[in-house]
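2 protein chains.
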Amino acid sequence: MINTGFPLDGPTLGEIGEDAVIRSIIEASPSAVNGDDAAVLHPPSPNSRMVATTDMIVEGRHFRSDLTTPFLLGRKAVVQNYADIEAMGARPLAALLSFSAPSTTPAATVTEIARGIGAELDKYGTELVGGDVTAGQNLVMSITAIGSLGGNRPPLTLAGARAGQTVVAHGRIGYSAAGLELLEAGITIPEELEPLAHAYQSPELTPGCGMVARSAGATSMTDNSDGLLHDVGVLAQRSGVRIDLRANAIAPDKLLVQAGELLGVDPWKWVCEGGEDHTLIGTLQGEAPVGFRPIGTVHKPSSETGSVTTAAFGIPVTIDGNAPQYTRGWESFS
Amino acid sequence: MINTGFPLDGPTLGEIGEDAVIRSIIEASPSAVNGDDAAVLHPPSPNSRMVATTDMIVEGRHFRSDLTTPFLLGRKAVVQNYADIEAMGARPLAALLSFSAPSTTPAATVTEIARGIGAELDKYGTELVGGDVTAGQNLVMSITAIGSLGGNRPPLTLAGARAGQTVVAHGRIGYSAAGLELLEAGITIPEELEPLAHAYQSPELTPGCGMVARSAGATSMTDNSDGLLHDVGVLAQRSGVRIDLRANAIAPDKLLVQAGELLGVDPWKWVCEGGEDHTLIGTLQGEAPVGFRPIGTVHKPSSETGSVTTAAFGIPVTIDGNAPQYTRGWESFS
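The listed protein sequences derive, respectively, from chains S and A. Okay, so the first sequence: first residue is 1 according to the UniProt record's numbering, each after it adds one. Okay, so the second sequence: first residue is 1 according to the UniProt record's numbering, each after it adds one.
Next up, chain S with everything else stripped away, as it sits in the complex:
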């Protein structure tokens, strides 16, 4: 079953007013530390470091209100921020929400977004600790996530990949992009392909997988938010390495192949260029940690596997040693 659509009626933000809007958000996603000028958080352990990240979501740019629901949008907004916290090997602690929408927006839209935010935050035992609401031309929200990096190991950075390591991934690759194209096609989506639409509307992130990878010795990590090859390419560039992905480890699965046939799209495009799966991708020496699978290997920057060079196709990533066919990533101002 696929739910789509935003509330169309009921009292509006302008009718209920700012105080009631804020109250409805706090009710839907409660926290004892929300409601003052700023939220005071207690670090979970004395030697932990703070980690912070932010993402902005713009209606018409990052989502269409006819292709998702406000509840699922709220969940997804948290996932995309918490994935960035996990990708440092850290543990999410709290989130803040900035929100603007026209005064004519049904108040239920905001309540549902806040419910979705609260539901996802709950999975982590975390809370919405602060925010700001305001009128604006269209729906724009910005979530900031704060996390905690415990212990003495370094964070998992984009620059931490080293030649000889294994590339590992946790979660689906290409599902979100395929799901979006299915939803955009305006067709009745076959029941067996619904997991693709769900992956787009509300990608799944397993709490703690970034910390697991860090404990297992991972040294670099990111999530595929802008496209697999784009994001792996950034990691390879920052680390000064070349990454070779194994075709049979990332090959489109049955669902992606079926969706590709239905829409007349090469499913490899979704795998290579699709973002928003928020699948964690890291590198480490040796075996893949629990929940992760190997998808490639890290090499020295000067290729030794043949004629492939970085300059030939822009990013230092190959698939089975060859230049990939699809390398585009998300570009914010295109």
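Mixed in with the good hints there might be a few duds.
Remember, identical chains collapse to one label, so a pair may be satisfied in a single copy or spanning two.
Said to hold, decoys possible - When the alpha-carbon atoms are kept at most 25 Å apart in a straight line, the in silico SDA-like pairs for lysine to any residue are as follows:
#1 K254 to S45
#2 K269 to D19
#3 K123 to V40
#4 K300 to G35
#5 K123 to R49
#6 K269 to A119
To be clear, the hints were calculated from the coordinates, so they are not data collected in a lab.
Fit chain A to the known structure of chain S by using the hints.
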């Protein structure tokens, strides 16, 4: 001298692309911890607590591009967030920026905003540690500020005011509102009134004043962002007290009176209803701390000074024992 206006030409965000936009922001407001999935921060002392707040700024709602400059807008965006950190008695540590604007926006607009942000962050020895940029219908930015609350004293909350305390203020009251009306009037602003316009374009916040008040024994604090009586009213309500302000301590000064005469406005309106001065207002037993001045007193909720009751005018705040004439505050969805 009053500067106004945004860049009108030069390369656009769409022309230079996301990577170059991000680079220009990081160059204008540099930080060694910016640029990964999330920023890792070191707490300044082992027993400190994190403090976080966020604010959203929408073009046409919170600012007009013909009444300010992108540099001043960047500074102000930091001040309004850092004032919330100071209002907890905490020390600002870092900021994150989410930013959306049409692809046709001159790239110089973003660079100038980032320069303003960097200039203000610099005053605190703090850095822009992360962010997100995206295309959108209009310019919307959200700043999140992170601070540190050291030591064992409790934070300065909205609920901390107690009967018998003195109300103290640090900074101007009413200047920003008067400055906005002068700028909106489209007149040539007399040179002696320029400080009012500057207060609107870029309010001043003295680093450390919140910590000073906390050290001096303040128990509650806020800043006048939405209007003096509104914000003091929220503090009084949350604390379960009534606050009486001294008319001669908050009376419009020479500049406000002169601006009122010029525009035909009662300057008391700017004092009572004007926000965005981001002046810290707190309560404590005894003398005003360095940099603060007494502006009123805290009383038990049942008024003992006469016939004034909360119900009569909505908020538990009086001026010299009387119901104030101007009590409106900023309403986000009006």
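Going down the list of hints, with the structure as the test:
In the homo-oligomer, the alpha carbons of K254 and S45 never lie at most 25 Å apart, since the shortest distance is 44 Å inside one protomer and 53 Å across protomers. With identical chains, the CA atoms of K269 and D19 are at most 25 Å apart between copies only, with a shortest distance of 22 Å across copies and 46 Å within one. For the identical chains of this complex, K123 and V40 are neighbours both inside a copy (21 Å) and across copies (23 Å), given an alpha-carbon limit of 25 Å. For the homomeric pair K300 and G35, the shortest alpha-carbon distance between copies (23 Å) is at most 25 Å, but the shortest distance inside one copy (51 Å) is not.
Taking identical chains as interchangeable, the C-alpha atoms of K123 and R49 lie at most 25 Å apart whether they share a chain (22 Å) or sit on different chains (24 Å). For the homomeric pair K269 and A119, neither the shortest alpha-carbon distance inside one copy (32 Å) nor that between copies (43 Å) is at most 25 Å.
Checked against the numbered hints above, the structure breaks hints 1 and 6 and satisfies the rest.
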